Structures are given as structure tokens and as C-alpha cells.
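Based on these hints, arrange chain C on the given structure of chain A.
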Amino acid sequence: MERIKAIIIKEWREVFKNKFVLFTVSFLPLMITALPLGILYFAAGSEDFGGVTAADLPPQFSSLCGDLGGGDCMLYYIVTQFILLFMMVPVIVPMTIASYSIVGEKTTRTLEPLLVTPVSTLEILVGKGLAGVIPAVLTTWIGYLLYAAGAHILVDNPAVVGKLFDPLWMTAIFVVGPLLSIMGVSIAVMISSRVNDPRVAEQISGIFVLPIVGLFIGQTTGFILVNQQFILWMAGVLLVLDIILFYFAIQIFQRETILSRWK
Amino acid sequence: MMNKEPIIHTINLSRSFGDILAVDRISLSINPGEVFGFLGPNGAGKTTTIRMLAALLEPTSGEAFVSGFQVGKEDQKIRRNIGLLPEAPGLYDALTAEQNLAFYGAMYGVEEISRQIKRYLELLGLWNRRYEPVATFSKGMRQKLAIARALLHEPDVLFLDEPTSGLDPQAAKLVREFIGELKGEGRTIILCTHNLEEADRLCDRVAVMNGHLLALDSPKVLRRNIFGRKVVFHLTEIKSEFEQALRSFEFVTEVQVVENKILVSIDDPETNNPILVRTLVEQGAEIQFVGELRRRLEDVYLELMQSSQGSNNGKN
Numbered sequence: 001m002e003r004i005k006a007i008i009i010k011e012w013r014e015v016f017k018n019k020f021v022l023f024t025v026s027f028l029p030l031m032i033t034a035l036p037l038g039i040l041y042f043a044a045g046s047e048d049f050g051g052v053t054a055a056d057l058p059p060q061f062s063s064l065c066g067d068l069g070g071g072d073c074m075l076y077y078i079v080t081q082f083i084l085l086f087m088m089v090p091v092i093v094p095m096t097i098a099s100y101s102i103v104g105e106k107t108t109r110t111l112e113p114l115l116v117t118p119v120s121t122l123e124i125l126v127g128k129g130l131a132g133v134i135p136a137v138l139t140t141w142i143g144y145l146l147y148a149a150g151a152h153i154l155v156d157n158p159a160v161v162g163k164l165f166d167p168l169w170m171t172a173i174f175v176v177g178p179l180l181s182i183m184g185v186s187i188a189v190m191i192s193s194r195v196n197d198p199r200v201a202e203q204i205s206g207i208f209v210l211p212i213v214g215l216f217i218g219q220t221t222g223f224i225l226v227n228q229q230f231i232l233w234m235a236g237v238l239l240v241l242d243i244i245l246f247y248f249a250i251q252i253f254q255r256e257t258i259l260s261r262w263k
Numbered sequence: 001m002m003n004k005e006p007i008i009h010t011i012n013l014s015r016s017f018g019d020i021l022a023v024d025r026i027s028l029s030i031n032p033g034e035v036f037g038f039l040g041p042n043g044a045g046k047t048t049t050i051r052m053l054a055a056l057l058e059p060t061s062g063e064a065f066v067s068g069f070q071v072g073k074e075d076q077k078i079r080r081n082i083g084l085l086p087e088a089p090g091l092y093d094a095l096t097a098e099q100n101l102a103f104y105g106a107m108y109g110v111e112e113i114s115r116q117i118k119r120y121l122e123l124l125g126l127w128n129r130r131y132e133p134v135a136t137f138s139k140g141m142r143q144k145l146a147i148a149r150a151l152l153h154e155p156d157v158l159f160l161d162e163p164t165s166g167l168d169p170q171a172a173k174l175v176r177e178f179i180g181e182l183k184g185e186g187r188t189i190i191l192c193t194h195n196l197e198e199a200d201r202l203c204d205r206v207a208v209m210n211g212h213l214l215a216l217d218s219p220k221v222l223r224r225n226i227f228g229r230k231v232v233f234h235l236t237e238i239k240s241e242f243e244q245a246l247r248s249f250e251f252v253t254e255v256q257v258v259e260n261k262i263l264v265s266i267d268d269p270e271t272n273n274p275i276l277v278r279t280l281v282e283q284g285a286e287i288q289f290v291g292e293l294r295r296r297l298e299d300v301y302l303e304l305m306q307s308s309q310g311s312n313n314g315k316n
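Sequence order for the protein chains is A and C.
Numbered according to the working numbering, the first sequence spans residues 1 to 263.
Numbered according to the working numbering, the second sequence spans residues 1 to 316.
Chain A on its own, in the form it takes in the complex (with noise of 0.2 Å):
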């Protein structure tokens, strides 16, 4: 446990004195925090809510609407639209620092010296993986928490910002959020062991985040529903999906591997 300690301590005080990993860590939270929160001030002031009724909501989303009123639930769809796009932070945010933390000891040559210590491989993914996992999924969980507060002003109908804490999104950001870094590093690790620039990890392991995208879009359009049922699917893929990578990323950090094949 210690030497799980030590590296995310001497990954963050790496890491983090890089300006273009502080700024993707810091602004991307933000940045989904602020940009949600200026659409809902506006939303809320809007006086046309008022005439929206249930049959103006796609009938499957009216549904998670619950006692809701026409225009409460109009806010709530605005409200909850945006939640998707928290996904992201916790698989973008791992993705940067592994990729960095990786291709780093790869360009400086710092693995040799690691890897002839009695450390063991899980111990130094676990700790790279952590390194990368915590500060995504605490920016995620804050910036939730900030969205929800701003809600609460912003809306005037408590029931309202109350359905952000009802379970569908509770476990998809307490839950899926961190299955979401887990992922976001084990892939980052697989790609930094190809390439040597942590830039070109960045881009590559970027593509992972476009069926999160996908999915912000098909519910935006009205193509898939975000329901309960639908999270809690993501959720066990995810749990598969992140045993598998893990595995795959833990093959390929093999001391032997990194030495005789990491170029």
C-alpha cells in the first residue's frame, strides 16, 4: 500500500507541473459545469415553458418525468441532457494523465530504474491508474455537485433538481463515472506503450470518448433513452469491458515486454 502511495504522490507532483495536463484537468470540469448552468439560466427565465403540456415530450421521456408538471419537465429534460456530458470528464481527465505519466517515463527513461525495484507490476499500474482515476472522478463528482447546487437557484420547482439525485443519475455518476476512468486508463496505458509522444496517446485514446458523444447526441435527438434500465446495462458492460482492459493493459506492462519491446 505504501508503494501504491508513493507513486500517485510522485505522479501528481509530475504530472501535474505540466501546464497543458493541469489546464485539461481544471478546464474541461469547469467548462461542463459553466456551460450546462448558462443554458438552464436562460431556459429557466424563459416564460414559453409555461405552455409546454406532457404531450409535447417524447412519451418515453415523460415517463421518467413522474408527477411533473408540462413545463417542470421540460426544464428537467434540459436539466438531465446535460449530465451525459459529465461522462466525459472521467474518461478524458485519466486518459491525459496516464497517457502523460506513461509516455513520460517512456521519453525520460525512468522505467528501467522503477522496474528494477522489488515493486510489483500491479502495484505500479494501480498506483498510475489511481493517479489518473481520483482526481477525474473527484473533478467529475464536484462538478456535479456545482451543477446541482446551480440548479437548485436556477429552477425554481425543488422536485425538479431533486430528480438529479433520484437513483438512475446517481448511479450513473457515483457508479459509471469511475467505471468510465477505469477504462479511460487502461486504454491509455495499452496506447502509451505504442507511441512516443504523450500527445499522440492523448489524440488516439480520444477516440474512446466518442461513443459517450454518441450517446449525449442519440438522447439528445430522442434516439436513445437514458433510463434507469439503460445505466444500469452501462454499468455491467463497463464492469466487463474494464476487467478485460485491465487485463490486456497489465499484460502489456510486463517488465520483459517494456525493456525488450517498448520503443
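Heads up, a few of these hints could be off.
As the list claims (entries may be wrong) - In silico contact screen, one side only, chain C against chain A (beta carbon under 10 Å); selected entries:
1) Leu57
2) Ser61
3) Phe65
4) Pro89
5) Tyr92
6) Gln99
7) Ala106
To be verified - A short list of chain C residues far from chain A (calculated; beta carbon distances all over 10 Å):
8) Ser14
9) Arg51
10) Tyr104
11) Gln116
12) Glu132
13) Lys173
14) Gly180
15) Glu197
16) Arg224
17) Glu237
18) Glu254
19) Gln256
20) Asp268
21) Gln288
22) Leu293
23) Arg296
It is worth saying that the hints were derived from the structure and are not from the lab.
The structure displayed is predicted, hence computed values, not measured ones.
Virtual Cβ for every residue (Gly too), placed ideally from N, Cα, C.
Relative to the frame of chain A, chain C by itself:
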């Protein structure tokens, strides 16, 4: 009393990368407290051998034991007992000297880490720079810090891969002196170097390799085995009878005359030199100096490489 069990022992140790045989059946034993050098050209398998002994690479075939633990089977135990200075120091630039060592102290599970950090930073003259980021350090300072890192957990065996490579003469001298001090402490040091003068000065024994072992012994014995021993007589004047008189002895294997010097090849100069000096004086020679012709380890190395290439060409 020194323990005579070898601290490193290899039996037909080999390693291939695909079709390339990097290390070919190396068998050797290294004693505790010995400074042992691996010499050879680039691609000779020196670093691969060190990496196998440091439990970083598994042998393709053969066996190796370090501190009594078998490579490939007891790697974690080996890692606790060795320190490695790789070819590149591999330090974390954004961290201070102290943070770098503290991190590695945690990796090795060093108990009194602050005391150990202080000890080695003071020994290597870096204590006053301990709070400065490594990015601001010179190459020599980095190398010294990397040596401190390799010693932090007091390993039985210290592997140094090109410890003075790329250093300015002053920094290289400091590093060499420090290795000399470690030798004085009785540590086992495995040195991998291209600097033959350095190997000659520091190593008790050297292994010259080019994929496989070409020779293994002390620099002195290697010199003697390859070139024999030669005594040089500096005379004021050379006469043909001097040469003839020297050739008359059975123990003299060769006599050469170069300018005002006579070079005599003999196996045992300590016993035979007085006889030769007396003979020359009796012949009327005026001797200015007498000494042994010093062959450098570089000459031995080049000779071995040449014969190795010759035998390879012969095979082809």
C-alpha cells in the same frame, strides 16, 4: 573472513531476441567484494547480461544466481538485493533530489529513509541541493544522484552500466573515486564500460565479451596471457653483442631492438632481470633505465576483438 561462495554465478546463460542471439552461453562466477567489469563493443550483450542478472530480463536458456537466488524464479528477492545504475540515469526531472530518493526509498521499503537520503546525498556532495528539482542538475550531478538511488537500500550487488559515460573529466573522476570508495567498503560492483582505462583501474577481474565470453581474468593476467611480459632496457648505445648475449639464455623467448632500447620477452622478470642486467653490464653496456613494458588493457581488448573477428570470418 570473506565468504568464498560466489555472489553471482551463471551457467550457460543465454538470451535471444527473436532470431538474434544477444548473449551466448556465458558461464562465470563473481565473488563477494569483487569489482567485476564487462567489456565489449556495442551490441556485445553487456547490458543484456546485466539486465538478466538484475532480474529485468529472463534468460532464454541457462541459469543465473544472484545472492543465492535464481533469476527468473526468485526475481523479487533478487531485486531487494541489488542496485542498478542504468545507462541513462532515469530520474524524475520535476521532482527534487530528495523527492526522487524518497520515492525510491518507498519502492525498496527502506525503513530509515531520511537517514539514508542524508547519508548518500552528503557522501556525494548533493545535500545542499536536495530541495532543487533534478531538471536544474548537471549531468554529473544527475549521475551521482542516480548512484545514490542505487545504494539507498544498501544492496549486496551494485550494477553500474557506463557510470562515467558522457561526463566531463572532473565529474568522471569524482564518480570513479566514489566507486573506488565503494570498493573499499567491500561491496560487489559489476561495471559495464567502454572506458578500458577505467576498467583497468577499478576492476579486479574483467570479462571481455562479444555475444559470448572471449576472455575472463584480472587485467594483469590477461595482459600476461596475451602479450607475455617484456622488459625494456634503455641503453646509451646499442651493440650487436648485447643482443646476442641476451638471446643465449633459454628463458628469453624474444629480443627486439628499437632505437636505443632492447625489449626482452621473459616469463619471470622478477627472477631473471638481475641476470640480464649483470650480463649487459659485463658486455660493457651503459644502462640508463630498466622497466617492464606496460601493455594497456586496451591492447588486450583490441587483440581479443581482432582474434574474435578473425575466427568469425574463418567460420564464415
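Now for the hints, and whether the structure bears them out:
A hinted interface residue such as Leu57 of chain C counts as satisfied when its beta carbon comes closer than 10 Å to some beta carbon of chain A; here the least separation is about 6 Å, so the hint holds. Taking 10 Å as the C-beta contact cut-off toward chain A, the hint placing Ser61 of chain C at the interface is violated, the least distance being around 15 Å. With its C-beta approaching chain A no nearer than about 17 Å, Phe65 of chain C sits outside the 10 Å limit, and its interface hint is violated. The criterion of a C-beta within 10 Å of any C-beta in chain A is met by Pro89 of chain C, whose closest approach is roughly 8 Å, and the hint holds.
Contact between Tyr92 of chain C and chain A, as hinted, is supported at the beta carbon level, the nearest pair being about 6 Å apart and thus within 10 Å. Interface restraint check for Gln99 of chain C: the shortest CB-CB distance to chain A comes to about 7 Å, inside 10 Å, so the restraint holds. Using the Cβ-Cβ criterion of 10 Å, the hint placing Ala106 of chain C at the interface with chain A is satisfied: the shortest such distance is roughly 4 Å. In this structure Ser14 of chain C is separated from chain A by more than 10 Å, as the shortest Cβ-Cβ distance comes to about 15 Å.
The Cβ of Arg51 of chain C sits about 7 Å from the closest Cβ of chain A, inside the 10 Å cut-off, so the non-interface label is violated. For Tyr104 of chain C, the condition that its CB be more than 10 Å from all CB atoms of chain A is violated, with the nearest at approximately 7 Å. The claim that Gln116 of chain C is not at the interface with chain A holds, since no C-beta of that chain comes within 10 Å of its own (minimum 14 Å). Distance check for Glu132 of chain C against chain A: the nearest CB is about 14 Å away, which clears 10 Å, and the non-interface claim stands.
Separation of Lys173 of chain C from chain A is adequate, the least Cβ-Cβ distance of about 24 Å exceeding the 10 Å criterion. With a cut of 10 Å on Cβ distances, Gly180 of chain C stays outside the contact zone with chain A, its closest approach being about 23 Å. With a closest Cβ-Cβ approach of about 27 Å to chain A, Glu197 of chain C is found to remain outside the 10 Å limit, as its non-interface label requires. Non-interface status of Arg224 of chain C relative to chain A is upheld: no Cβ of that chain comes within 10 Å, the nearest being about 37 Å off.
The claim that Glu237 of chain C is not at the interface with chain A holds, since no C-beta of that chain comes within 10 Å of its own (minimum 61 Å). Every CB of chain A lies more than 10 Å from the CB of Glu254 of chain C, the least distance being 49 Å, so the non-interface label holds. Against the 10 Å criterion, Gln256 of chain C stays outside the reach of chain A, whose nearest CB is about 49 Å from its own CB. Consistency note on Asp268 of chain C: stated as away from chain A, and its beta-carbon is indeed over 10 Å from all of that chain's, at 46 Å minimum.
Listed as a non-interface residue, Gln288 of chain C keeps its Cβ farther than 10 Å from every Cβ of chain A; the least gap is roughly 54 Å. Listed as outside the interface, Leu293 of chain C is consistent with that label: its C-beta sits roughly 42 Å from the nearest C-beta of chain A, beyond the 10 Å cut-off. The claim that Arg296 of chain C lies off the interface holds: its Cβ sits roughly 32 Å from the closest Cβ of chain A, which is beyond the 10 Å cut-off.
Comparing the model with each numbered hint stated earlier shows that hints 2, 3, 9 and 10 do not hold.
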